[in-house]
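Asks: Chain by chain, the residues run as shown.
2 protein chains.
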Amino acid sequence: MNEVKSYIDSNQQKFLDELMEFLRIPSVSTDSKFKSDVLRGAGFLEGALKKAGVDLVEICQTAGHPIVYAEKIISSDLPTVLVYGHYDVQPADPYELWDSPPFEPVIRNERIYARGSCDDKGQLYMHIKALEILNQQGVPPCNLKFILEGEEEIGSSNLNLFVNENATRLKSDIVLISDTTIIDNDTPSITIGLRGLSYVEVEVTGPNRDLHSGVYGGAVANPINVLCDMISSLIDNKGRVTIPGFYHQVKELSTDERAKVAEAPFDLGKYQQEIGITDIQGEEGFTTLERTGIRPTLDVNGIWGGYTGKGAKTVLPSKAYAKISMRLVPDQDDEEITRLFTEHFISIAPKSVTVNVTTHHGGKPAVTPTDSMAFQAASNAFEKVWGKAPIATRDGGSIPVVSLFSEILGIDTVLMGFGLDSDAIHSPNESYGIFNYLKGIETIVLFHQQYAALSK
Amino acid sequence: MNEVKSYIDSNQQKFLDELMEFLRIPSVSTDSKFKSDVLRGAGFLEGALKKAGVDLVEICQTAGHPIVYAEKIISSDLPTVLVYGHYDVQPADPYELWDSPPFEPVIRNERIYARGSCDDKGQLYMHIKALEILNQQGVPPCNLKFILEGEEEIGSSNLNLFVNENATRLKSDIVLISDTTIIDNDTPSITIGLRGLSYVEVEVTGPNRDLHSGVYGGAVANPINVLCDMISSLIDNKGRVTIPGFYHQVKELSTDERAKVAEAPFDLGKYQQEIGITDIQGEEGFTTLERTGIRPTLDVNGIWGGYTGKGAKTVLPSKAYAKISMRLVPDQDDEEITRLFTEHFISIAPKSVTVNVTTHHGGKPAVTPTDSMAFQAASNAFEKVWGKAPIATRDGGSIPVVSLFSEILGIDTVLMGFGLDSDAIHSPNESYGIFNYLKGIETIVLFHQQYAALSK
Numbered sequence: 001m002n003e004v005k006s007y008i009d010s011n012q013q014k015f016l017d018e019l020m021e022f023l024r025i026p027s028v029s030t031d032s033k034f035k036s037d038v039l040r041g042a043g044f045l046e047g048a049l050k051k052a053g054v055d056l057v058e059i060c061q062t063a064g065h066p067i068v069y070a071e072k073i074i075s076s077d078l079p080t081v082l083v084y085g086h087y088d089v090q091p092a093d094p095y096e097l098w099d100s101p102p103f104e105p106v107i108r109n110e111r112i113y114a115r116g117s118c119d120d121k122g123q124l125y126m127h128i129k130a131l132e133i134l135n136q137q138g139v140p141p142c143n144l145k146f147i148l149e150g151e152e153e154i155g156s157s158n159l160n161l162f163v164n165e166n167a168t169r170l171k172s173d174i175v176l177i178s179d180t181t182i183i184d185n186d187t188p189s190i191t192i193g194l195r196g197l198s199y200v201e202v203e204v205t206g207p208n209r210d211l212h213s214g215v216y217g218g219a220v221a222n223p224i225n226v227l228c229d230m231i232s233s234l235i236d237n238k239g240r241v242t243i244p245g246f247y248h249q250v251k252e253l254s255t256d257e258r259a260k261v262a263e264a265p266f267d268l269g270k271y272q273q274e275i276g277i278t279d280i281q282g283e284e285g286f287t288t289l290e291r292t293g294i295r296p297t298l299d300v301n302g303i304w305g306g307y308t309g310k311g312a313k314t315v316l317p318s319k320a321y322a323k324i325s326m327r328l329v330p331d332q333d334d335e336e337i338t339r340l341f342t343e344h345f346i347s348i349a350p351k352s353v354t355v356n357v358t359t360h361h362g363g364k365p366a367v368t369p370t371d372s373m374a375f376q377a378a379s380n381a382f383e384k385v386w387g388k389a390p391i392a393t394r395d396g397g398s399i400p401v402v403s404l405f406s407e408i409l410g411i412d413t414v415l416m417g418f419g420l421d422s423d424a425i426h427s428p429n430e431s432y433g434i435f436n437y438l439k440g441i442e443t444i445v446l447f448h449q450q451y452a453a454l455s456k
Numbered sequence: 001m002n003e004v005k006s007y008i009d010s011n012q013q014k015f016l017d018e019l020m021e022f023l024r025i026p027s028v029s030t031d032s033k034f035k036s037d038v039l040r041g042a043g044f045l046e047g048a049l050k051k052a053g054v055d056l057v058e059i060c061q062t063a064g065h066p067i068v069y070a071e072k073i074i075s076s077d078l079p080t081v082l083v084y085g086h087y088d089v090q091p092a093d094p095y096e097l098w099d100s101p102p103f104e105p106v107i108r109n110e111r112i113y114a115r116g117s118c119d120d121k122g123q124l125y126m127h128i129k130a131l132e133i134l135n136q137q138g139v140p141p142c143n144l145k146f147i148l149e150g151e152e153e154i155g156s157s158n159l160n161l162f163v164n165e166n167a168t169r170l171k172s173d174i175v176l177i178s179d180t181t182i183i184d185n186d187t188p189s190i191t192i193g194l195r196g197l198s199y200v201e202v203e204v205t206g207p208n209r210d211l212h213s214g215v216y217g218g219a220v221a222n223p224i225n226v227l228c229d230m231i232s233s234l235i236d237n238k239g240r241v242t243i244p245g246f247y248h249q250v251k252e253l254s255t256d257e258r259a260k261v262a263e264a265p266f267d268l269g270k271y272q273q274e275i276g277i278t279d280i281q282g283e284e285g286f287t288t289l290e291r292t293g294i295r296p297t298l299d300v301n302g303i304w305g306g307y308t309g310k311g312a313k314t315v316l317p318s319k320a321y322a323k324i325s326m327r328l329v330p331d332q333d334d335e336e337i338t339r340l341f342t343e344h345f346i347s348i349a350p351k352s353v354t355v356n357v358t359t360h361h362g363g364k365p366a367v368t369p370t371d372s373m374a375f376q377a378a379s380n381a382f383e384k385v386w387g388k389a390p391i392a393t394r395d396g397g398s399i400p401v402v403s404l405f406s407e408i409l410g411i412d413t414v415l416m417g418f419g420l421d422s423d424a425i426h427s428p429n430e431s432y433g434i435f436n437y438l439k440g441i442e443t444i445v446l447f448h449q450q451y452a453a454l455s456k
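For the protein sequence lines, the chains are A and B, in the order given.
Once you know that position 411 of the first sequence is 411 in this note's numbering, the rest is easy, because the numbers rise by one and skip nothing.
Once you know that position 285 of the second sequence is 285 in this note's numbering, the rest is easy, because the numbers rise by one and skip nothing.
Some clues are possibly wrong.
Label pairs and their computed distance ranges (CB to CB) [stated by the list, open to error]:
(1) A:GLU343 <-> B:ASP184: 39 to 47 Å
(2) A:TYR247 <-> B:ASP184: 35 to 43 Å
(3) A:ASP331 <-> B:GLY309: 30 to 38 Å
(4) A:THR242 <-> B:GLN376: 54 to 62 Å
(5) A:SER422 <-> B:ALA63: 43 to 51 Å
(6) A:GLU110 <-> B:THR62: 50 to 58 Å
(7) B:THR242 <-> A:ALA389: 53 to 61 Å
(8) B:ARG108 <-> A:ASP331: 39 to 47 Å
(9) A:GLU343 <-> B:ALA259: 41 to 49 Å
(10) B:THR62 <-> A:THR242: 49 to 57 Å
Below 20 Å or equal to it, Euclidean Cα-Cα: the simulated EDC-like pairs (lysine to aspartate or glutamate) are [as the list claims (entries may be wrong)]:
(11) B:LYS310 <-> B:GLU96
(12) B:LYS51 <-> B:ASP31
(13) B:LYS310 <-> A:GLU290
(14) A:LYS310 <-> B:ASP37
(15) B:LYS310 <-> A:GLU201
(16) B:LYS351 <-> A:GLU284
(17) A:LYS351 <-> B:GLU274
(18) A:LYS310 <-> B:ASP31
(19) A:LYS310 <-> B:GLU203
(20) A:LYS351 <-> B:GLU283
(21) A:LYS310 <-> B:GLU283
(22) B:LYS251 <-> B:ASP173
(23) A:LYS238 <-> A:GLU203
(24) A:LYS50 <-> A:GLU18
(25) B:LYS310 <-> A:ASP31
(26) B:LYS251 <-> B:GLU290
(27) A:LYS351 <-> B:GLU284
(28) B:LYS310 <-> A:ASP93
(29) B:LYS351 <-> A:ASP31
(30) A:LYS351 <-> A:GLU203
(31) B:LYS351 <-> A:GLU203
(32) A:LYS270 <-> A:ASP256
(33) A:LYS351 <-> B:ASP279
(34) B:LYS5 <-> B:ASP17
(35) A:LYS351 <-> B:ASP236
(36) B:LYS50 <-> B:GLU96
(37) B:LYS310 <-> A:ASP37
(38) A:LYS310 <-> B:GLU96
(39) B:LYS351 <-> A:GLU283
The set of hints was computed from the structure by calculation and includes no laboratory data.
Even glycine gets a Cβ: it sits at the ideal position worked out from N, Cα and C.
Between the sequences and the hints, there should be enough to build the whole structure, so can you do that?
Replies: Listed below in structure tokens is the structure:
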């Protein structure tokens with residue numbers, strides 16, 4: 001047994017206990033009532049990084065939640081790895097669907113159940129433990145820098161300014177992020193494509209007050225019915241988004257590239273069974289992996305209006321609302337898509353209502369290179385630890401910071417994530433496998449060693 | 001000045017104080033947390049009826065909220081009027097849109113602001129004050145019976161059984177109800193048609209848990225998008241409901257009958273301005289008064305699903321819900337329409353989701369006769385008190401008990417309401433004009449006198 005593995009084995013309980021402590025902090029960034037908890041999350045990281053042996057750690061204030069910056073510099077001759085992660089989490093509601101409270105982590109069936117266990121506290125914390133091991137075993141083979149933010153789940157709106165203002169300090173050779181998944185525990189993979197995001201909120205207003213649906217129904221436009229009509233019209237019967245210009249910048253993949261996407265093992269029956277559906281649905285002419293990996297899409301993430309309590313109320317409401325997001329692929333631009341959506345949505349509103357569109361955060365789609373030294377190092381690390389070379393995949397999710405680092409700092413990213421699709425991130429009962437957590441730490445240590453070796 | 005008017009003038013403050021006390025009771029029938037308040041509402045009526053001089057009053061238990069029954073019998077030679085009203089109210093939410101708390105009645109600009117001020121506590125209480133006056137002036141000219149229920153806003157589900165079991169006791173010559181509107185304070189009117197109601201709640205289920213919309217979006221049917229598609233398809237681009245069979249039983253009106261509907265004064269500009277809309281919308285080929293008076297319709301009364309809090313959450317939810325109601329006209333049957341809706345809604349669901357439809361209360365549409373002695377008495381009363389003969393109108397709302405009394409007891413109804421469309425019933429800032437309240441009491445007293453005179 002090698003020294004790394006042996007250190008992890010003997011420190012397993014400590015590694016778990018520390019993560020559990022981190023997970024007990026409800027650092028929900030979107031809801032201001034958790035503001036002090038988000039701050040506590042940053043404080044926790046400051047302490048953990050110090051203990052893991054960094055030279056310097058700072059809690060950097062922003063206009064929103066703080067960014068934790070840390071570094072361990074060995075020598076200017078060594079390559080520098082910039083680790084990015086986020087310590088904020090998604091809201092945990094609906095709370096009633098959790099089998100155990102989201103911020104009281106528990107272990108069941110070798111899995112850690114808690115909001116953020118996988119996304120991204122668990123995956124972030126692996127990097128701090130990897131540094132601890134590297135320090136423990138002697139001198140780390142690379143310089144390490146950490147940039148850990150508290151606003152990823154709300155669009156990283158203050159990260160851009162911070163990275164711009166600290167470009168010199170953040171200078172590195174590669175960005176390393178663990179916030180993605182592998183195919184399954186027998187099939188390691190590295191994500192090379194991520195979708196971008198445009199997220200809007202729409203408000204449809206009919207009459208100036210709630211009306212009695214008996215007195216006015218049939219003669220006055222009902223904003224809920226109108227909103228349903230408008231949303232329904234956004235996707236045609238071939239599963240294509242109808243916003244003019246939506247597909248103009250979409251890079252169509254070659255037959256070869258599509259064949260590569262098809263190489264990832266995929267069992268439709270298992271997929272359907274795992275999420276409890278009897279039929280899939282999506283854009284005509286594309287497979288499920290293509291629909292989530294290489295095609296843009298539009299989803300309503302929330303809708304509300306009128307009476308939603310128990311029983312019946314015969315109201316023709318004044319307003320109806322929806323939160324709508326679009327996942328984007330290269331070379332769609334999130335700001336351009338948000339503009340196209342807004343123009344189109346306002347243009348299709350009947351004269352009987354008024355429409356207001358506001359913008360939440362967005363992010364550009366990204367594809368990471370597969371011919372770089374860092375990708376090779378990640379691939380080697382997986383192969384050594386998991387016994388199999390990883391498959392390159394395109395994921396449906398978004399990590400907008402990938403293009404931010406590329407554009408501002410000119411640095412590529414390696415997405416070395418260890419989650420599973422079934423971890424239920426953003427959902428009730430989010431969990432992270434202990435196997436993935438420990439195996440991930442080991443793989444990250446190996447990455448640094450491999451990257452240093454290849455850089456010589 | 002006649003004696004009736006003079007009694008009302010000198011008791012105005014008392015009449016208002018008593019109504020305010022009644023309005024302070026939050027008798028919301030649909031929400032079980034107000035159960036004891038609904039009971040207090042019944043208790044208040046018991047006391048008020050006793051004070052007004054009934055011979056007998058009983059709080060009759062049902063499977064739900066109680067029914068208050070009372071009578072004042074003078075002689076079997078006199079005609080008997082059965083007064084119906086309801087002391088339960090609609091929920092007051094959204095509370096934040098009220099200018100003053102819904103259950104702390106206040107008077108502003110000669111109007112009483114409170115939930116239930118018009119619908120139906122204010123209109124019901126006029127009948128108790130009319131009895132007080134009749135008793136005060138000597139012997140009432142008719143026998144009076146009162147049936148006051150606490151479940152009108154939730155479909156009167158226990159009224160049917162009560163009326164069946166008490167048919168002998170309830171035997172009367174006419175039902176008198178004040179739960180409708182007049183055209184305006186210069187244009188009295190009597191409602192002769194009311195729409196029926198079918199009210200359903202639908203649940204669309206996609207995946208067995210909330211999913212990350214980045215990971216699954218585009219490949220898995222989103223129940224909110226599906227629900228919007230399904231709702232959108234329920235009304236075609238001519239404003240017609242697409243449920244097969246929906247219009248089969250609709251009685252088409254003759255040209256003469258439609259000309260009568262058009263006689264009611266209607267100012268489209270004022271109508272639009274009052275509710276703050278710039279364009280009306282409805283079934284092609286019909287006027288606004290026809291759309292609400294003689295045509296059936298379908299409205300979504302509430303919709304919800306996914307993340308509805310502040311900020312953004314990229315969730316592809318497991319479920320989406322809507323409350324949908326259909327207003328019905330003669331001879332549509334509410335149970336038949338509910339069945340047609342359910343069958344159709346399930347049939348249009350894509351295989352990627354499952355659909356569940358549950359039924360809330362319904363009610364049959366009704367048309368009341370205009371050639372009866374009671375209608376004549378009501379018309380005379382209006383003419384004497386308001387100085388103008390009332391216009392016969394068809395209203396959009398529903399009072400399902402009208403057909404219940406007709407079917408079980410074989411008794412016709414006169415709908416002598418005194419509200420205004422602008423009273424904002426079922427909405428925030430519901431109010432009732434003091435003018436309407438006091439004028440209504442006077443008109444009701446006159447009705448009894450006129451009805452007794454015509455019956456001789």
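Asks: State for each hint whether it applies.
Replies: To see whether the hints hold, each was checked on the structure:
1. A:GLU343 <-> B:ASP184: 39 to 47 Å: holds (42 Å)
2. A:TYR247 <-> B:ASP184: 35 to 43 Å: violated (54 Å)
3. A:ASP331 <-> B:GLY309: 30 to 38 Å: holds (33 Å)
4. A:THR242 <-> B:GLN376: 54 to 62 Å: holds (59 Å)
5. A:SER422 <-> B:ALA63: 43 to 51 Å: Given a distance of about 46 Å, which is inside 43 to 51 Å, the answer is holds.
6. A:GLU110 <-> B:THR62: 50 to 58 Å: With Cβ atoms ~55 Å apart, the hint holds.
7. B:THR242 <-> A:ALA389: 53 to 61 Å: holds (55 Å)
8. B:ARG108 <-> A:ASP331: 39 to 47 Å: Roughly 59 Å apart at Cβ, these two residues miss the hinted range, so it is violated.
9. A:GLU343 <-> B:ALA259: 41 to 49 Å: holds (46 Å)
10. B:THR62 <-> A:THR242: 49 to 57 Å: About 52 Å separates the Cβ atoms of B:THR62 and A:THR242, which means 49 to 57 Å holds.
11. B:LYS310 <-> B:GLU96: Holds, at roughly 17 Å.
12. B:LYS51 <-> B:ASP31: violated (30 Å)
13. B:LYS310 <-> A:GLU290: The given pair, whose Cα atoms are some 32 Å apart, is violated under the 20 Å limit.
14. A:LYS310 <-> B:ASP37: Answer holds: A:LYS310 to B:ASP37 is near 17 Å, not above 20 Å.
15. B:LYS310 <-> A:GLU201: holds (10 Å)
16. B:LYS351 <-> A:GLU284: Between B:LYS351 and A:GLU284 the Cα gap is close to 16 Å, so the pair holds against 20 Å.
17. A:LYS351 <-> B:GLU274: Within the cut-off at roughly 17 Å; holds.
18. A:LYS310 <-> B:ASP31: Between A:LYS310 and B:ASP31 the Cα gap is close to 7 Å, so the pair holds against 20 Å.
19. A:LYS310 <-> B:GLU203: holds (14 Å)
20. A:LYS351 <-> B:GLU283: holds (16 Å)
21. A:LYS310 <-> B:GLU283: Violated: A:LYS310 and B:GLU283 sit about 30 Å apart, past 20 Å.
22. B:LYS251 <-> B:ASP173: Since the Cα atoms of B:LYS251 and B:ASP173 sit roughly 28 Å apart, the hinted pair is violated (cutoff 20 Å).
23. A:LYS238 <-> A:GLU203: Violated. A:LYS238 to A:GLU203 sits at ~27 Å, over the 20 Å cutoff.
24. A:LYS50 <-> A:GLU18: holds (14 Å)
25. B:LYS310 <-> A:ASP31: Holds. B:LYS310 to A:ASP31 sits at ~7 Å (cutoff 20 Å).
26. B:LYS251 <-> B:GLU290: holds (13 Å)
27. A:LYS351 <-> B:GLU284: holds (16 Å)
28. B:LYS310 <-> A:ASP93: Satisfied, since the Cα-Cα distance of roughly 12 Å is no more than 20 Å.
29. B:LYS351 <-> A:ASP31: violated (36 Å)
30. A:LYS351 <-> A:GLU203: Cα-Cα ~15 Å, so holds.
31. B:LYS351 <-> A:GLU203: Answer violated: B:LYS351 to A:GLU203 is near 30 Å, above 20 Å.
32. A:LYS270 <-> A:ASP256: The hint is violated at about 26 Å.
33. A:LYS351 <-> B:ASP279: holds (6 Å)
34. B:LYS5 <-> B:ASP17: holds (18 Å)
35. A:LYS351 <-> B:ASP236: holds (17 Å)
36. B:LYS50 <-> B:GLU96: violated (37 Å)
37. B:LYS310 <-> A:ASP37: Holds. B:LYS310 to A:ASP37 sits at ~17 Å (cutoff 20 Å).
38. A:LYS310 <-> B:GLU96: holds (19 Å)
39. B:LYS351 <-> A:GLU283: holds (16 Å)
Hint compliance for this structure: hints 2, 8, 12, 13, 21, 22, 23, 29, 31, 32 and 36 are broken, all remaining hints hold.
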